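There are 2 protein chains.
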Amino acid sequence: MVKVGDNTEYTPIIRQYKSLKDQYEGCLLFYRLGDFYELFFDDAIVVSRALDIVLTKRGPGTPMCGVPTHSADSYLGKLIKLGHKVAICEQLETVEEARKRGYRALVKRDVVRIVTPGTLLEDGLLEASENNYLACLSNVGDNYGVAWMDLSAGIFNVRSSRLENLDSEIQRIRPRELLISDRLKEQGEIELILRRHRCAVTSHSESFFDVKRAEKVLCGIYGVNTLRGLGNFTDVEVSACGSLVEYVRTTQKNNLPKLCYPKVCDNKSCVLIDGGALRNLELFCTQSGEKEGSLISVIDKTVTALGSRLLKRHLSFPSSCPHVISSRQDAVEFFVENRNVCENIRDIMRGIPDVERILTRVKMLRCSPRDVCMLGKALAGILRLRQAMLVVDNPMLVRIVGEFGEHEKLLKLISGTILENNVSHARDGGFINPMCNARLATVVRIESESDKLMQNLRDKYRKLTGIGSLKIAFNSVLGYYIETPASYKLKDAIFIHRQSLAHTMRHTTAELRELEETITAAKSEIIELEAQIFRGLCLRILEEAQSIELAANAVAELDVLVSLARLAVENKYVRPIVDDSREFAVKGGRHPVVEMGVRFIANDVNLSENNKMWLITGPNMAGKSTFLRQNALIAILAHIGSFVPAESAHIGVIDKIFSRVGASDNIALGYSTFMVEMAETAAILNQATDRSLVILDEVGRGTGIHDGFSIALAVIEHIHDVTRSRAICATHYHELPKFSSYLKNVQCFYMKIEEWQGQVVFLHELVTGVSGKSYGIYVAELAGFPKNVLERARFFMEELGESGGPNLNPASPMERTNS
Amino acid sequence: MVKVGDNTEYTPIIRQYKSLKDQYEGCLLFYRLGDFYELFFDDAIVVSRALDIVLTKRGPGTPMCGVPTHSADSYLGKLIKLGHKVAICEQLETVEEARKRGYRALVKRDVVRIVTPGTLLEDGLLEASENNYLACLSNVGDNYGVAWMDLSAGIFNVRSSRLENLDSEIQRIRPRELLISDRLKEQGEIELILRRHRCAVTSHSESFFDVKRAEKVLCGIYGVNTLRGLGNFTDVEVSACGSLVEYVRTTQKNNLPKLCYPKVCDNKSCVLIDGGALRNLELFCTQSGEKEGSLISVIDKTVTALGSRLLKRHLSFPSSCPHVISSRQDAVEFFVENRNVCENIRDIMRGIPDVERILTRVKMLRCSPRDVCMLGKALAGILRLRQAMLVVDNPMLVRIVGEFGEHEKLLKLISGTILENNVSHARDGGFINPMCNARLATVVRIESESDKLMQNLRDKYRKLTGIGSLKIAFNSVLGYYIETPASYKLKDAIFIHRQSLAHTMRHTTAELRELEETITAAKSEIIELEAQIFRGLCLRILEEAQSIELAANAVAELDVLVSLARLAVENKYVRPIVDDSREFAVKGGRHPVVEMGVRFIANDVNLSENNKMWLITGPNMAGKSTFLRQNALIAILAHIGSFVPAESAHIGVIDKIFSRVGASDNIALGYSTFMVEMAETAAILNQATDRSLVILDEVGRGTGIHDGFSIALAVIEHIHDVTRSRAICATHYHELPKFSSYLKNVQCFYMKIEEWQGQVVFLHELVTGVSGKSYGIYVAELAGFPKNVLERARFFMEELGESGGPNLNPASPMERTNS
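Which chain is which? The protein sequence lines are A and B, in order. Residue numbering for the first sequence follows my numbering, beginning at 1 and increasing consecutively. Residue numbering for the second sequence follows my numbering, beginning at 1 and increasing consecutively.
If you're looking for bench data, these hints aren't it; they were derived computationally from the structure. The model shown is predicted, which means the values in this text are computed figures rather than measured ones. It is possible that some hints are incorrect.
Which copy is meant is left open, because identical chains are indistinguishable; a pair holds if it fits in one copy or across any two.
[To be verified] Mimicking BS3-like on lysine-lysine, the simulated pairs with C-alpha atoms at most 27 Å apart in a straight line are:
id : residue 1 : residue 2
1  : 85        : 268
2  : 452       : 100
3  : 409       : 587
4  : 744       : 212
5  : 108       : 787
6  : 263       : 752
7  : 57        : 291
8  : 263       : 216
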């Protein structure tokens with residue numbers, strides 16, 4: 001039947017497939033066929049390779065592969081992760097329904113949604129505690145616009161940026177998918193950013209990003225004549241927002257939820273964390289990509305997905321406004337001082353579901369009874385929260401309580417309508433409380449009485465036939481039937497034969513049929529009535545959607561504040577002073593992540609006006625890198641309103657945080673470690689200001705002694721003289737402090753070491769002055785070097801000391817003394 | 001109804017849950033409830049946190065959370081990744097079936113399997129091109145036993161090891177789950193290994209690993225009285241194998257597939273790649289964890305999952321036997337020279353499914369009709385392969401063809417039985433060819449004729465009632481019914497009313513009922529007959545299982561050889577000479593991964609008897625690291641039988657490959673970069689032999705100048721004098737060559753640079769001698785340093801040059817000349 005060649009020679013199924021596929025070019029088409037999603041032709045080849053599933057053929061000449069629907073989500077997840085887009089085509093009727101339209105009628109099918117990495121809505125594929133962002137990058141002249149949206153959680157932001165900050169912008173947003181024009185995609189700097197971030201990239205022609213076109217799209221979506229009313233957007237922001245919305249619309253097949261207005265995030269209100277610092281400081285994941293060991297893994301004590309996502313947004317965009325910071329600190333302090341209130345509120349919040357994502361599903365009418373049930377739980381939780389917070393008089397918390405809103409009526413309606421224990425079986429009906437509808441109550445009573453009648457009928461037939469093992473059973477093919485052992489013959493004429501099996505016989509009777517019909521008619525009506533009532537309930541929820549969203553956001557804020565309070569108590573953090581000064585004084589500071597694993601020695605830092613730069617020397621293993629990073633992390637924590645791991649801290653607001661610490665090389669991308677380090681250092685020299693904080697580890701390492709030393713000196717001089725930033729630098733060049741002594745604001749410190757009975761003790765304690773030794777050989781001993789190698793190394797060390805170093809006349813080769 | 005407290009006060013559902021949960025302590029219990037898997041009590045709390053899903057309550061006092069069954073696989077995948085074990089409890093009957101047993105009868109449920117990371121069998125959770133290993137570590141005295149099994153692919157290996165090699169062993173096996181005793185888990189070195197690998201760890205008491213007990217388990221499983229017949233196992237190997245099998249048996253609920261005998265992999269037959277080298281050389285993934293950019297991503301040209309997995313096993317365990325290597329090379333060469341045969345075979349193999357994993361499902365009677373259909377495709381493919389290989393006379397290939405076996409009869413049976421186009425709908429029957437069973441043919445004819453009769457009936461009623469829009473429809477609640485617009489009244493007495501809807505009326509008739517009964521009875525019989533025939537077919541397949549496995553392995557071998565041939569042709573590799581000599585001569589060698597992205601300058605190396613150590617200097621960006629790594633990679637490729645990226649190569653077999661290149665630090669684990677580097681270096685000094693290859697980058701960097709230099713010198717001296725390994729070392733200490741001139745087998749080289757009109761040109765070309773300069777400042781310029789900083793750095797550089805270096809008298813501080 002199947003022949004290769006002209007379309008008309010394909011089977012009806014393949015013809016249907018092809019006409020759908022034509023409409024969704026650029027997507028993989030998941031074509032529903034019974035219990036599988038099948039892919040054909042090129043799609044089949046691509047997917048069989050991507051998922052490593054076998055490529056087969058449907059008739060000659062039609063490559064095919066497929067995934068079972070019950071595990072489709074995990075396959076879908078893999079394809080999405082690889083950056084593919086998938087159009088999901090479903091059967092819109094059953095095979096039986098189709099067959100009634102004609103002997104060989106084709107089942108109706110259509111694409112119901114397009115799944116892309118940035119527009120995911122399936123709960124199973126989303127990370128609950130991560131926002132799932134689609135970002136859009138646009139460009140007009142020197143300006144770049146970045147818009148980003150979490151469709152599942154109703155978030156939509158936009159900001160303008162300069163080319164040099166794009167790396168940092170994209171990195172702090174961490175989008176799953178980036179929409180970009182073909183032209184920008186080819187641009188050198190942007191190509192580099194894209195390679196570094198490795199999110200899915202979707203490109204469109206330049207015209208897709210046209211400002212006029214974007215404006216029209218936005219006006220259409222929001223039903224306004226001009227965007228003036230929504231905010232003061234620049235051209236590049238309009239282009240980014242409009243193109244993003246247009247793209248989302250196509251993926252959702254016009255079944256778009258009501259979008260919130262785009263919010264402009266301006267650059268002045270938050271601390272810019274440099275791209276290098278975002279990577280090196282391991283805020284969200286370690287450099288090997290794991291969450292464990294990141295800052296967020298230690299500080300996130302939130303109990304709701306809402307709060308967890310908000311905390312991450314704070315960490316990406318710390319505030320640079322002392323007033324905002326101190327309001328948050330006040331609220332955190334309230335909870336630190338009122339531990340009982342704090343714990344009580346946490347307990348209540350723990351049961352609050354992910355309102356944002358549930359609401360999105362309600363808006364798209366894709367929600368289940370379970371979703372509505374969850375929403376009811378959320379509203380009940382919010383009501384209890386409001387009760388628990390009545391005692392509170394902190395201004396920020398009072399504002400939050402006000403935003404909880406009044407949802408008692410809706411809550412009552414939901415809990416009076418949905419039967420919580422039955423939502424697992426929604427497909428079979430029975431999840432609506434019969435008491436909320438007179439007709440439903442009647443039909444439900446009929447159905448449940450029939451159950452008893454069925455038992456009576458069985459007893460009657462047992463008596464009639466004398467077969468004690470006679471039973472009335474049910475299966476999906478025959479419906480209800482009477483089953484008896486095959487050894488008995490049913491002689492009574494009322495028994496109508498239906499099926500003979502090896503050991504049993506199956507019959508029916510007129511009476512059984514009648515009863516079955518009553519039951520099935522009732523069941524069918526119940527399902528229909530329940531669906532109707534459920535739809536009504538969803539529409540009622542939509543009326544309050546905006547106010548529920550406000551409440552959800554209030555819960556998120558509260559969760560973050562309570563979480564920070566809990567963190568402060570558990571890990572003994574203190575409230576820092578954050579003001580408009582240029583101070584950076586931390587007493588007894590600790591590294592928030594490292595202190596969790598090991599006994600930790602706290603250290604002070606004070607980058608006051610005449611001490612703006614600290615230069616740290618000292619051996620390996622003594623904790624220089626940890627000290628550097630801990631100060632950057634303390635600064636970031638202070639700017640999100642958190643308490644900090646220290647005895648006390650006074651920090652003047654910072655505009656940008658830079659850090660060049662840790663090692664990373666990417667030989668496949670063609671960069672040497674040294675090149676990466678130089679590029680990160682260059683960003684600091686070019687962009688830091690006198691409000692910035694700079695953390696520099698091992699400047700100039702990884703090259704020769706002379707040029708490395710010269711680079712280090714020049715970099716330190718530039719930060720000291722030109723950018724005048726607050727800075728902490730570490731180095732292995734013990735000579736650097738002496739050579740840089742002409743820089744008057746540089747203070748030198750080193751990590752203290754004690755030698756005791758031939759053992760070296762790392763005290764992890766910072767003291768003024770310059771370290772004399774590196775103890776590299778001692779570390780080699782700890783690492784398990786053979787004894788004779790250690791002896792030789794110590795011998796060379798002495799020789800070098802006398803001769804003045806490797807730089808001196810190497811004319812006389814060293815002789816071995818023992819070997 | 002639900003009260004907290006004594007068990008008897010719970011609902012029947014919760015009581016059923018609790019009795020199941022008691023049997024599966026240590027597992028999360030996925031309890032099937034309609035369309036959800038629900039979790040209760042502590043499980044609910046754990047899972048709601050792990051998956052970020054909301055915790056709710058089933059009645060007061062019973063915490064609950066759940067995941068919908070249709071996306072359960074992706075949630076399951078997440079839990080498994082987190083190292084949890086999950087017991088899957090299914091409903092063993094429908095609600096209707098249960099209800100017939102009594103008005104409130106509970107649905108029967110039981111645990112059907114336990115899913116753990118190392119015993120996965122679900123295709124959706126497995127990576128097709130990766131083996132999924134469960135490993136077991138045992139210990140007797142100084143000996144350690146490592147057994148590892150891929151249950152899904154029928155692989156079972158064991159080997160003995162020493163403590164110092166365990167890191168490397170575990171790393172090359174890359175297990176998903178490791179079974180270990182409570183005692184070993186606490187042991188310092190092993191704790192470190194576990195922290196580094198981050199696979200799921202399952203621990204049992206010491207007694208679980210008892211040798212006697214393990215022996216009993218193995219004898220039981222294989223039905224033998226003594227293990228003598230299976231191979232010559234040491235105690236520690238018996239313990240590892242037996243404990244592993246015992247654990248697997250419990251997870252599979254005794255539904256264990258027939259296991260193959262454990263194969264002893266001895267240490268002498270393969271090259272040991274040191275743990276540090278496995279990490280640094282990026283064989284399987286880059287250091288940031290991505291596959292893209294790894295060696296395997298470049299060399300894997302296999303077209304079957306079977307071949308892809310075998311190639312990875314080769315790469316983990318390269319052969320150290322020149323004879324094995326040259327046999328493989330001969331076969332690869334055959335395909336290089338016979339491109340047409342090669343391409344033809346690739347095309348055939350491309351359609352061969354994952355036989356190993358399908359067979360495992362058949363053995364456990366968990367296979368679907370689709371699986372059997374796939375197996376048929378595989379057998380057909382193997383038959384075609386055999387045809388295509390008839391011309392071949394290479395000994396290894398002839399052996400492989402012999403292992404394909406004779407499966408024509410089975411193939412004919414499968415393709416005569418299974419209807420390929422219908423396997424997607426297996427649940428509804430129709431996937432068995434009616435022609436293969438007389439009774440089935442009859443019943444199928446009855447069913448399909450009834451379809452026509454149904455149409456006739458509709459036409460008859462249309463005529464009778466005069467309603468042209470009358471139709472006969474079907475739904476799962478009512479079955480077949482006659483639907484007419486509500487505006488018509490059906491007066492004829494034969495129509496029995498069933499349901500009224502808003503716009504339509506539904507009726508039935510005695511005749512329709514009878515026809516329905518014929519159809520449903522036929523359908524029910526078809527389903528039963530087909531299941532019976534399918535079971536028979538599976539048993540028939542099992543009879544040939546062993547021989548099919550052999551064939552699958554032959555396909556894998558062939559795929560690997562063809563893949564290596566393709567690689568050689570595409571990337572212009574040559575056949576290396578691998579023999580018993582101590583040579584390491586590569587002419588025009590290239591880095592297999594880096595050459596894919598950029599224009600690549602080839603370089604030679606020749607570590608002959610009096611030149612055993614090469615010392616490389618030269619500036620950054622010039623390609624030192626790349627040169628070092630490429631030689632290690634060429635060595636590994638040569639030992640798996642692959643051709644290599646070079647003009648020619650002569651390599652005497654290597655026993656161990658060590659490399660200390662690249663940078664990695666793990667501050668959260670408490671190691672400094674320097675400590676990691678020293679530990680990797682210590683491993684080399686302690687374990688390398690005169691048959692080893694050592695690759696060392698930047699020894700002694702990351703500490704002070706004096707001690708770093710001394711360590712470097714001592715390390716080089718030790719390798720030169722004591723281990724006498726073939727070695728390539730790179731350094732930034734330009735003085736090192738001069739200071740080590742007393743070591744007679746050291747040759748010095750540097751990466752050539754040309755300066756031309758103020759520009760630096762990196763020639764990536766290796767020449768004899770010592771580099772004079774580092775060009776670090778030039779790299780800083782490329783990286784975007786501000787001009788004035790570059791000028792200052794150059795100024796310092798000159799000053800230092802005159803004064804003799806940072807080591808010299810720093811009494812006179814440098815003065816700024818321009819600022």
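Hints and how they fare:
1. 85 / 268: Classified as neither; 36 Å inside a copy, 49 Å across copies.
2. 452 / 100: Intra 35 Å, inter 11 Å, cutoff 27 Å: inter-copy only.
3. 409 / 587: Neither: 53 Å inside a chain and 82 Å across chains, both beyond 27 Å.
4. 744 / 212: neither (56 Å within a copy, 75 Å between copies)
5. 108 / 787: neither (79 Å within a copy, 68 Å between copies)
6. 263 / 752: Neither: 50 Å inside a copy, 54 Å across copies.
7. 57 / 291: So residue 57 and residue 291 fail the 27 Å test inside a copy (42 Å) and across (30 Å) alike.
8. 263 / 216: within (18 Å within a copy, 69 Å between copies)
The structure shown violates the earlier hints numbered 1, 3, 4, 5, 6 and 7.
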